[in-house]
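Residues per chain are reported as follows:
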Amino acid sequence: MTVVDNLSEMVSLERGEVDRRIFSDPEIFELEMKTIFARSWLFLCHESQIPKKGDFFEAPMGRDNVLVVRQRDGGIKALLNTCAHRGNAVCRAEEGNAKNFMCTYHGWTYDIGGKLVGVPGLEELYHNELDTTKIGLRSVAQLDTYKGFVFATHDPEAPPLHDFLGRTGRLGLEYIVAQGDMEIVPGIQKFVIPCNWKFAVDNLFDWYHPQITHLSAFQTGMVPSPPDITGKRMNTASVADQEGTELQLPGGVVGGDAGDQLVFIDAYGHAISGPTVEALGDFGGLVDNSWRDRPDVVEALGPMSRRSLGHANIFPTCWITPPFNQISLRIPRGPMETEIWWFSFIRKDLPPEHRAMAISGAIHSFGPAGLLEQEDGENWAQSTLQTLGAASSKVPQLLTMNLSRGKVVHDDDDLDPPYIECSINEHGQLWTYLAWVQWLKGGSWAELQERTSPPDVL
Amino acid sequence: MTAIEENTRVGGDLLADALRQFEVERFLTNEAALLDAHRYADWVQLFSDDTHYFMPIRRTRLRKQVSQEFTKPGEMAFFDDNKDILLARVAKLATGAAWAEDPPSRTRHVITNVRVVEDDGQELEVHSNFILYRTRLKSEETTWIGSRQDLLRRHEGSFLIARRHILLEQTVLLSQNLSNFF
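For the record, the sequence lines run as chains A and B. By the numbering used here, the letter at position 19 of the first sequence is numbered 17, and the numbering carries on one by one without gaps. By the numbering used here, the letter at position 109 of the second sequence is numbered 98, and the numbering carries on one by one without gaps.
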């Protein structure tokens, strides 16, 4: 029996286990392209990346490449970057400004709205029988923005963006937009990791790994250590490297049922997970939390929502990280190849010195040379590689931390998305995989929403 | 005078140029040897306290807009380091817990096409090409090729690197990280 015939067995909520074959199986990857990436709303870019008429940015939607283009009327279109004639890419730049998109194969020329406006030999060779009004660059099925963030879907049946994001997806974006008027910092970091995209997504919820994976970054003092609100350390008896040196952890830990962490889970697989504002504080002076107490924010966001400093994932791969206002896409290129794209945003009204500090924080935390993220890639690459082994692939992936201890609170006042108060956990990851199975199983959007409704316990 | 004519001149100036070229190349090759020997603490001492170690992001742009292919300081970058951050990177590698470099990468820096572009007597604008070849673990292999635009400041009979801009011949970075120095 192949993996795709056995989807129900791939993720177990009861055992907190995931079948490792989903991280390298080519059939699974093909199914993901069809059932997730050809269907879901996907983040494309920010409006400030394409402010002027003709400005464009090429964004991935699964294996499709779309040109997100500012129109003459100020609107935005997302056009498949493939000529209607023979399929050649009509634009080979990653970003820029265009008056037209001319295919370099036979010269078919499209205006910035995708309309076919020029065909060499239209009269002589096509005898004016080519209906240029019907042939153009195809648009995505739906495009919409949420406060400057541009999303699109290939599925005409998909619910409106607002509904797809739901409270949790919108909340993730609010952690950036509620701070003030935001714009892109020019330069999208793009790099390739030989790993499955799900490892890179799973990791964004993982608040267990920083003290180990990123130990060296904390030891330099350039990256603030995890908060030490109890003075307790994780017990590291017998946790020692190959020379027998026990790890000395730089930060504290809150165990038991104490709630230093908040997890929000929601329909379609969206989730937010991470420490509370009280636990993480201002991240060594780097994070300004004052916006959370502004009257309009108090009005718009629920009390639990305002307390989270967690990482949000808009399913499938749009990670929003609040400290430096960044969005990271984990773009699947193959079962064992993932591109990471980092978009960085900044408040327009920041004074130059604060602006420089914020940009420095982004560059030196994440990205391929980031003091933190340098260490991540090899963990995911090696985790992916080991799933190829006939024997290794039979070892289940474990997501059992605090399993069945996550009581999901469904807020009667409807102010906050369903949430769990807890210590460090693996609920966000498990929720992602549970939803992932449901996407792969297909069905109508109503069925998908129903099957990904948060349970009472995780 | 064309660049080729300048290089074919004979006389005292050429000898001075040759000596300066020798000094610069000796400095750059010794610097590269420190990196390949993992002697990062010695390497970072070659940078001035006011140094700027910068690798911009490069983007595929149309020929007419190619002047905008690199990001500038103040925008996003891969490296945008002052001396403190360079020192922190070196300290990080020395912690024994920098897993991305443990086991350490095997690196080889090939520095070539060294050109002194400007020299005001105190500071030299030096451009060079590099190949940085890296292997890791059993079979991971990365090659970075690019150019460097250095400002070398004369200091105690040698130089300090007062600025290094690293321009990679890649847009999407074809490696899982940048845990090595250029």
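Don't read these hints as lab results, they were simulated from the structure. Only a predicted model underlies this, so the values are computations on that prediction, with no experimental measurement involved. Ideal Cβ positions, reconstructed from N, Cα and C, are used throughout, including at glycine. Hints should not be assumed to be uniformly reliable.
[To be verified] Partner residues aside, some chain A positions facing chain B, computed with beta carbon under 10 Å: (1) M180; (2) V183; (3) F216; (4) W378; (5) S381.
[Stated by the list, open to error] Simulated crosslink set (DSSO-like; lysine-lysine; CA at most 30 Å straight-line): (6) K127/B x K346/A; (7) K127/B x K97/A; (8) K72/B x K75/A; (9) K51/A x K53/B; (10) K113/A x K61/B; (11) K346/A x K405/A; (12) K75/A x K127/B; (13) K127/B x K50/A; (14) K53/B x K392/A; (15) K97/A x K61/B.
Status of each hint after checking the structure:
| no. | hint | in the structure |
| --- | --- | --- |
| 1 | M180 | 15 Å, violated |
| 2 | V183 | 5 Å, holds |
| 3 | F216 | 9 Å, holds |
| 4 | W378 | 8 Å, holds |
| 5 | S381 | 13 Å, violated |
| 6 | K127/B x K346/A | 47 Å, violated |
| 7 | K127/B x K97/A | 49 Å, violated |
| 8 | K72/B x K75/A | 44 Å, violated |
| 9 | K51/A x K53/B | 17 Å, holds |
| 10 | K113/A x K61/B | 35 Å, violated |
| 11 | K346/A x K405/A | 40 Å, violated |
| 12 | K75/A x K127/B | 46 Å, violated |
| 13 | K127/B x K50/A | 49 Å, violated |
| 14 | K53/B x K392/A | 54 Å, violated |
| 15 | K97/A x K61/B | 25 Å, holds |
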